[in-house]
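Participant: With the sequences and hints as input, model every part of the structure.
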Amino acid sequence: MSPHSAAALARHNHAAGAQDHLATAASQGRVVGLGRTSGQDGDVERLGKALAGEHAAVFAYGLIGARTTGALRARATRAFDAHRARRDQLRGFISGRGGKPAEPEASYSLPVVPSTQAEAVRLAVHVETGMTAAYLELAASEDAALRKYAALAMQESVTRSYSFQPSISTPLPGMPSPPPASSPAPSPAQDGE
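For the sequence shown, the tail end lands on 195 under my numbering, and the numbers increase by one without skipping.
Please note that a few of the clues may not be correct.
With a straight-line cut-off of 16 Å between C-alpha atoms, the simulated EDC-like cross-links for lysine to aspartate or glutamate are [as the list claims (entries may be wrong)]: (1) Lys150 - Glu139; (2) Lys102 - Asp90; (3) Lys102 - Glu139.
For the record, the hints were derived by calculation from the structure and aren't laboratory data.
Facilitator: Take a look at the structure:
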């Protein structure tokens, strides 16, 4: 990938905002070795997507922590620290596989800039749902250690999301919603009634 096309892709991804980084973990083109999707090269790509999400998560939690108080701020600070630690681990994984970790953007476009506790909670849940999706892709790795790492990261994200908003809005957080059900075909028992 040429430096010009990588820069254009990076600008496009930045314009798409943190929501895209989190929801689709799509920060492609800034990790060496992209384009191939099998084996170690595919792992570098998946790790790069998770790293892009972690960069956006660190940014979002920095903002949440700055705009909240009390117990919510304490939870946001713990989440910030956890995402920062995951970010640093991902950078090491990428470097260890011969890739070049992407640097964070200067800022991210968020779905909401929290001015209330409720908005801060909504943003935190959004971040964690997006990170669950990012790690779901990494769980497809052929490397058992990376699959385990991704599974633990997803578990942490779902748990953090629940700590902010103790309700489950989707049956499998991080997974796309199933298509709407069509009207069921009558079963044999219904035909005879």
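Participant: Hints first: check each against the structure and report whether it holds.
Facilitator: These are the hints, each one checked on the structure:
1. With a C-alpha separation of about 12 Å, the suggested pair Lys150 and Glu139 falls inside the 16 Å cut-off, and the hint holds.
2. Between Lys102 and Asp90 the CA atoms are separated by roughly 13 Å; this keeps the pair inside 16 Å, and the hint holds.
3. At roughly 19 Å between alpha-carbon atoms, Lys102 and Glu139 are farther apart than 16 Å, so this suggested pair is violated.
The structure fails hint 3 only (numbered hints given earlier).
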